[in-house]
Each structure stands twice: as C-alpha cells, then as structure tokens.
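Residue numbers (our numbering), protein chains in the order written: chain A, 147 to 590; chain B, 147 to 590.
Hint data in this document are derived by calculation from the structure and do not stem from the laboratory.
Just so we're clear, the structure is a prediction, and the values are computed from it rather than from any experiment.
The reader is advised that the hints may include incorrect statements.
The list makes no distinction among identical chains, and a pair is therefore deemed to hold if it is satisfied within one copy or across any two copies.
[Unchecked claim] Calculated lysine-lysine pairs in the DSBU-like style (CA-CA distance at most 35 Å, straight line):
1. K585 <-> K312
2. K585 <-> K317
3. K316 <-> K504
4. K312 <-> K194
5. K585 <-> K255
6. K492 <-> K284
7. K317 <-> K504
8. K255 <-> K194
9. K194 <-> K258
10. K312 <-> K255
11. K492 <-> K194
12. K317 <-> K255
13. K255 <-> K590
14. K258 <-> K504
15. K312 <-> K504
16. K585 <-> K194
17. K308 <-> K284
18. K308 <-> K194
19. K284 <-> K194
So you can see what is in the structure, the chains are spelled out below.
2 protein chains.
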Amino acid sequence: MNRRGALEIDDRKIFERESPAGRIAREELAALGPRLSEVRDWIGRMEKDGRIGYRALPDQDVRPILRAARRVRETADDFVVIGIGGSSLGAVALQAALAHPFHNLLPRKTRKGPRVFFLENPDPDYLAAVLDTLNLRKTVVNVVTKSGGTAETMANFLVIRKVLSKAIGKKHSERVIATTDRDNGDLRAIAREEGYATLPVPANVGGRFSTLTAVGLLPAATAGIDIRGLLAGAREMRQRTSTSSIDTNDAWRLAGLLYLADTARGKRTVVFMPYATALREIGFWFRQLWAESLGKARDRDGREVHTGQTPIAASGPVDQHSQLQLYMEGPDDKVYVFVRAERFGKRVPIPRAFSGSKTCALLGGHELGGLMNAEQAATEEALHRTGRPVIRIDLPAVSPHAVGQLLFLLEEATVVAGGLLGIDPFDQPGVELSKILTKRELEK
Amino acid sequence: MNRRGALEIDDRKIFERESPAGRIAREELAALGPRLSEVRDWIGRMEKDGRIGYRALPDQDVRPILRAARRVRETADDFVVIGIGGSSLGAVALQAALAHPFHNLLPRKTRKGPRVFFLENPDPDYLAAVLDTLNLRKTVVNVVTKSGGTAETMANFLVIRKVLSKAIGKKHSERVIATTDRDNGDLRAIAREEGYATLPVPANVGGRFSTLTAVGLLPAATAGIDIRGLLAGAREMRQRTSTSSIDTNDAWRLAGLLYLADTARGKRTVVFMPYATALREIGFWFRQLWAESLGKARDRDGREVHTGQTPIAASGPVDQHSQLQLYMEGPDDKVYVFVRAERFGKRVPIPRAFSGSKTCALLGGHELGGLMNAEQAATEEALHRTGRPVIRIDLPAVSPHAVGQLLFLLEEATVVAGGLLGIDPFDQPGVELSKILTKRELEK
Numbered sequence: 147m148n149r150r151g152a153l154e155i156d157d158r159k160i161f162e163r164e165s166p167a168g169r170i171a172r173e174e175l176a177a178l179g180p181r182l183s184e185v186r187d188w189i190g191r192m193e194k195d196g197r198i199g200y201r202a203l204p205d206q207d208v209r210p211i212l213r214a215a216r217r218v219r220e221t222a223d224d225f226v227v228i229g230i231g232g233s234s235l236g237a238v239a240l241q242a243a244l245a246h247p248f249h250n251l252l253p254r255k256t257r258k259g260p261r262v263f264f265l266e267n268p269d270p271d272y273l274a275a276v277l278d279t280l281n282l283r284k285t286v287v288n289v290v291t292k293s294g295g296t297a298e299t300m301a302n303f304l305v306i307r308k309v310l311s312k313a314i315g316k317k318h319s320e321r322v323i324a325t326t327d328r329d330n331g332d333l334r335a336i337a338r339e340e341g342y343a344t345l346p347v348p349a350n351v352g353g354r355f356s357t358l359t360a361v362g363l364l365p366a367a368t369a370g371i372d373i374r375g376l377l378a379g380a381r382e383m384r385q386r387t388s389t390s391s392i393d394t395n396d397a398w399r400l401a402g403l404l405y406l407a408d409t410a411r412g413k414r415t416v417v418f419m420p421y422a423t424a425l426r427e428i429g430f431w432f433r434q435l436w437a438e439s440l441g442k443a444r445d446r447d448g449r450e451v452h453t454g455q456t457p458i459a460a461s462g463p464v465d466q467h468s469q470l471q472l473y474m475e476g477p478d479d480k481v482y483v484f485v486r487a488e489r490f491g492k493r494v495p496i497p498r499a500f501s502g503s504k505t506c507a508l509l510g511g512h513e514l515g516g517l518m519n520a521e522q523a524a525t526e527e528a529l530h531r532t533g534r535p536v537i538r539i540d541l542p543a544v545s546p547h548a549v550g551q552l553l554f555l556l557e558e559a560t561v562v563a564g565g566l567l568g569i570d571p572f573d574q575p576g577v578e579l580s581k582i583l584t585k586r587e588l589e590k
Numbered sequence: 147m148n149r150r151g152a153l154e155i156d157d158r159k160i161f162e163r164e165s166p167a168g169r170i171a172r173e174e175l176a177a178l179g180p181r182l183s184e185v186r187d188w189i190g191r192m193e194k195d196g197r198i199g200y201r202a203l204p205d206q207d208v209r210p211i212l213r214a215a216r217r218v219r220e221t222a223d224d225f226v227v228i229g230i231g232g233s234s235l236g237a238v239a240l241q242a243a244l245a246h247p248f249h250n251l252l253p254r255k256t257r258k259g260p261r262v263f264f265l266e267n268p269d270p271d272y273l274a275a276v277l278d279t280l281n282l283r284k285t286v287v288n289v290v291t292k293s294g295g296t297a298e299t300m301a302n303f304l305v306i307r308k309v310l311s312k313a314i315g316k317k318h319s320e321r322v323i324a325t326t327d328r329d330n331g332d333l334r335a336i337a338r339e340e341g342y343a344t345l346p347v348p349a350n351v352g353g354r355f356s357t358l359t360a361v362g363l364l365p366a367a368t369a370g371i372d373i374r375g376l377l378a379g380a381r382e383m384r385q386r387t388s389t390s391s392i393d394t395n396d397a398w399r400l401a402g403l404l405y406l407a408d409t410a411r412g413k414r415t416v417v418f419m420p421y422a423t424a425l426r427e428i429g430f431w432f433r434q435l436w437a438e439s440l441g442k443a444r445d446r447d448g449r450e451v452h453t454g455q456t457p458i459a460a461s462g463p464v465d466q467h468s469q470l471q472l473y474m475e476g477p478d479d480k481v482y483v484f485v486r487a488e489r490f491g492k493r494v495p496i497p498r499a500f501s502g503s504k505t506c507a508l509l510g511g512h513e514l515g516g517l518m519n520a521e522q523a524a525t526e527e528a529l530h531r532t533g534r535p536v537i538r539i540d541l542p543a544v545s546p547h548a549v550g551q552l553l554f555l556l557e558e559a560t561v562v563a564g565g566l567l568g569i570d571p572f573d574q575p576g577v578e579l580s581k582i583l584t585k586r587e588l589e590k
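Same shape as in the complex, but just chain A (with noise of 0.2 Å):
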C-alpha cells in the first residue's frame, strides 16, 4: 500500500525468470545509465535553449486559466470545445477521468457548471448532433488549434461560428475563447479582428505535449476539475524524474525497459491497459503520444530507421474479454503496461444472493473495486506466467493528483525513449503529405 500519495511503478516481473522470452535482465537496464545520461543532457540542452517547454508546465500561473473556467461555469449552459489530436485528446482523457461520467446528463446544480461537448472530426452527422443539443443562447465555444490552421478544427468552428452569430448575433464574439499561439497563426489573427477571448499555447510546447497548458486545462477547470492538484502532481513527478538513477528515476525505468523489450526484445507494440473506466481515455492520449514522438522514419543524423513501437489503448476488465486470448495465445510481440488504481472513490459492496449460482457465491461480499484488482492481479499474473513481459503502474486513486503524476510520467518517458531512439520525439514530418493530397482534393 502506497501510503504518500505517489504512483509508484511495479517492475519486478519484467525482471523474472517465469517469462524467459519476455524477460529483460537488470543488467540491461543498467547498462543504458551512461547513455541516459547523454539524453538527459541532450533534454537539459534543449530545454536551457528555450526548444521545449513541457517541463515548465507545470509552474505555470493558472490564473488566467481559473478566471476564464470560472466565468463560463457561471454564465453558460453549454461549453463545446473544437478541436483535434494533440488539441483535443488530453482535454477528453482528462474529462473522462476526472469529471462525473454523465457529466453531462447531472442537473445544472449538481454540476455547477456547464455541459462539456468535443468536436474533433469534422463529421456532418456528430455535429449536427451537438446542434440538436446545445441551447445556443447560453453557449461558448472553445476553439483550439496552436497552429491556428487546422483544417478539421477550422471548419467545425465557421459552422458553429454562423450558427451561434444567427442565434444570437453580433455578440456572438463574447463567447468565444480562442486557444492558440500568442503571436502566430490564422486564428490569432482572426481573434484579433473578432475581439474573441484568448488563452496562449507556448511557442515551444507542441500539441501532444500541450495538455498541461490551457489547452487541456480550460476544458478540465470548466468541468471543475482541480487543475492545481493535476499541477502539483506534475510536479511532483517532474522531480522524480529529474534524478540520474535508473532505480529512482521512473521514466528512465519506464522508457529504458520498453525501449528495451521494443528494440532487443521484439516487442512491437506496447499494450496500455488501465484496470479504471476512467483511464480508459489516458490510452488514446498516450497513444498518440507514443506514436507521433517515436513513430519516425529517419533518425536526428538523417539515417532511415523507421522506429516507433505501435501503441494499443486497451481497457481492463472489459478487453479481458476481447484481447486476451490474442495477449495469451497470439505472436510473442507485445508488451503489458497495467495501470491500476489503488483505491477507487467508491465502496460498492456485492450484494450476497442466489447463492445455488457458484458465481455470485463467490462474489458476495466482496467490493467491486476488490474485483478489479483481483481481476488485474490475475491477468497480470497469467501473461507472466505464460512469459509475457508485464509493467504495472499503480496510482493510489484516480485523482487529479495521481493523474498528473501519471501524464507527467508519460510524457517525459516518450522524450527519454525517443532519445534512446535517436530520433526527434517532438517532430512530425510524416502527416505533410496527406495534408497536402487534402488540399488537392479539396481544389478539384
């Protein structure tokens, strides 16, 4: 039982003579202290340079923040945040795990603040449906794209944009809240002719590393999610991950063992299993985190190399019942990554009846969250002893706290990883080419 309040990582099995196959020897791992050392040169260089601003995340002043979360909680019915990939998987991964589930279906009281809508596709159907919705006369619209061109994020905002101006006119300006770079970019330009509201996204700190920013942070403190907590988790995780130790520093641990059982182990995908409903979003999140940084075809010296572990966004209990038998039975070529959480917010006893049924007499009189860990514990256990490597992260409760530990976590273990790589985590050059093709097919 973790009794400070810090996600700790369970290494241990990785390490264990029952996964031949999967194992990775200490030895490795310590084994790349020297060259862990030059990526945290190499991190230190490009952070002293102003190249990446991550790190400084989270000592940033959230007033601006807060003020802007709090006058849409008093004002609006409606908060819909347009917006896609690096600008909208960290504001959903963090309303999912942080805010009531049916956020949206509570009553106006109980939520103290307004119903929270995602338009990431620029899907005909979806946003239609958002419009069947929204009572647009108490709406704000978050827009936010960093570049300010983002073709999705773009469309979706003129069309709201003209549904809300018909709705209610001129004033239609006052509730939007642009997220965009300071200085640059079509929408900065256009919130300046608009006079919309704007909240920054630093120049150095790029969309799949920007949830810490205002452009994760406003949705979640609009949905009254405690972003100071998510801060100071951060934090604290930052300076966990600032030692030089492979025994202390958990993104050196982290990305050293799958950069490991990726490179020397044949392990080309790496499995992210949260065993919390809640945490299931974390794993679109670390996804694209993992396979936009590491995914590259051309190593910082320009040599072909084409890395980048496939990452898979799983769910526990429920793929138990769907990717299982494939993580047991399948190709030797993943790696487990649990997350589980240590307490859950709620008791909820299992109710001992029909005991002629075996199952429900094994199940009364246990607690759900007793289940999920059991059930953790257990498939955890059967890939090892079947010799599968398995990494646990265990967070004592899924709070705002433990999860910017976590996210902080994952984010700075994608950087290390990427250095081990060799490649340039914070790039990605390979989506110009179907941007480009869009355009094309857009000028026919």
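Assemble the complex: chain A is given as a structure, and chain B must be docked to it using the hints.
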C-alpha cells in the same frame, strides 16, 4: 458511386505497383482459391452439424425482440444493459453507429424510448455514477451473459438488483430481462426462480458472433434502431459471401488479403479506420472479433502456431493527428482497412468567412462530409505512395442496412481467415487462466 445500396470493397491499391513492399500479387490471392473452397466446405459442415449458428441469424424471427423492446420503450425512462465483451461490444457499436450520438440527452419525446446505459466493467465509480442518473422507479435492466456465469456481469447485476429492489420492492423482478442460454447456466436458473422475462442466445452462437441475436438486437431495438433493416443487410451480405469466387465473394477477398498481408508480408497489425464518427465503436467490436477468433496458440491439429494479426481500432480524421505519423514513417508492419460512408446523413456546408486565412479560404463552400472524404482519400493515397498496403470498404451510408452488411462481412471474413490459418475461430482457451487466478484472488 454505389447505386444499389451495396457495400463495396476497393482492393485495387493493395495490388498496385506503387507499393512494392506491401503489394500483394493478384496471382497470390487467386492461388488461395482451392484452400478457400476447403474452408467453405469446412464452414458448411459445421453449419450442417449445427455447431455454428451465426449464418442463420439473419433469418430469425425478431418479433419476440421487437415486442420486448416496444414494452420497454413505452414504459421505461432508463434501460441499463449489463454485459461485457461479446455481450456488450456489439450493442455498444450498434448504438453508436445508428442511434443519435446524444441519445441520452434528448428530451424523452424526441427519443421516443428510454435512455440507454451500458455497464461493462465492474467499476464501483462508474456504477455509482450510473446510479446517480437513473430514475429507478422507471428503469428496466437487461442482464446479458450467455453462459450465465460471467463474473463482472453478475457482480454488476447483483448490485443493481439490490438497488432496484430497495427502490421498488418485490416488483423489481418485472423490470429485469435476462438474455442468456435457452436452457443452461446460472442466469437461466435465476431467471426461472425470480420470474424474469428472458430472451435466448442460441447455443451455437458464441459471444463475439452474437450481435445479431437478442444480445445486440434488444438494446438496438430499444434505442429505436431498425433491426429488420440491419438483418436485411446481413442477409444480403450472406448471399454475397456464399459464392465460390474470389472476384465476387467479399469475405473471401477480405480474408484472403489480410491473411496474405499477415503471413506472407509480415503485416502483423491490421488497422481498422472508419471515417465516420458513428462507426468508431465498430472498430472495437471488430477488434474483439479478429483478436479473439484468430489469436491462437495451436492449430486444429494441435501444433503450436501462435497465430493472430493484432487489430487496432482507429478513427479518421482524428487519428491522422495521432497515429498517422507512425503509420507513415514507422515500421512497415501494418495493413490498413479504411471504411468510408459515401453519403452522410446530414449535409452541412462550411460557410465562407475569414478569407485572409488560407485554411478558411480553402474550406469555405465545401461541405463537412466532403472534407471527411477528401481526408480519407488523401490519407489512403499518402500511405499508398509510401508503399503501405491499403484496402477500403465503401458503405453507401451509415444505415442499418449498410451496417448489417458490414458486420456480417467482418464476421464471415474472420471465420474464413481462421480457416486459412487452420485454427478454431470459435474458441478462446487462453482466457481461462486469468479466470482461475481471479477466483483464487477472491478466495484468499
């Protein structure tokens, strides 16, 4: 343009020379012909022996399901489906694909039926949140487990049953519909004892093939989905996948191509990527179908094989901003199956505004649906030019008829792929160890 409402597969790019690494020669596919005939005979024998029943489902009498659904629609405010894996993923996918995306937020009058909730994980926080929102005095519960002994489902059911019984007393038994085996299992026995209404799951239809039984159809019909249309689509696809030619049998083609991509080209992962938000959950349904059916340690002769292509559920365009970088530049170990809707339900024009912005100038005057499909075409082409193998499934629309075709196509293709691999696509021996260990954890 597809004129007759039929789903079509476009597999041309997987044969074209722009993709030398991923390319599959037409001759290779044709050479599978004799083996596919054997597979057809094997499926035919199992069908004749009554061992498999999914191919008969399109012909079932749905009147008992429609009657039950009508009663729930007329009397209930809330409908809670308790099931997991094969007992939930299909129902969730149908709801997402064919009901209003904000079904539960619509006014009762617009909805015409109850709100619909799914309880999959035995997660105390999620369950408590469902209870926060239910109107217990007008709630109907659908507990779904074919075996009658699924721990997660029975745990959630025991809790909900007690709450319901506290709220409305003895008549809570009238508010339970059990979907389970016709004769056997704990839930059948409990249903008899308590006098629950029941709907059967045919003994020869396994969980992941049960979407077109009451398991998927009762929740769908309760949400107002046209289940006759769904079955008509499935029936049409059954017809079209009963031919013995790779040129006309879509299941043969799809299974054959994915099989060759996996076993002859090292595409160990299949990415299923629909470009319609409504179809996203079908990816998670397919993920179970493909993984659990094909991920097997041994073939039917007992030889150790460890088969199983890893399925990934993606969603376009949002995952262009998350996974595409990896797909374009990472390891060339994936085959891509796009799903496109030729028509969306709504036509939403993108207004012309902010012509100073290149993005806005490009978008203005197009429709959102056009942008979705332009992005799909562009992404498909970008992957193709990079040498990655792509297949596309075109749906005429996201309609019950089209979704029925799609589900049946994917089921049939999965079984055919199992036949080509020489494994049993209908069992799941690999999940037992985790169940045994869970039991032991609980007995501690």
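Subject >> List of violated hint numbers, smallest to largest >> reply: 4, 5, 8, 9, 11, 13, 14, 16, 18, 19
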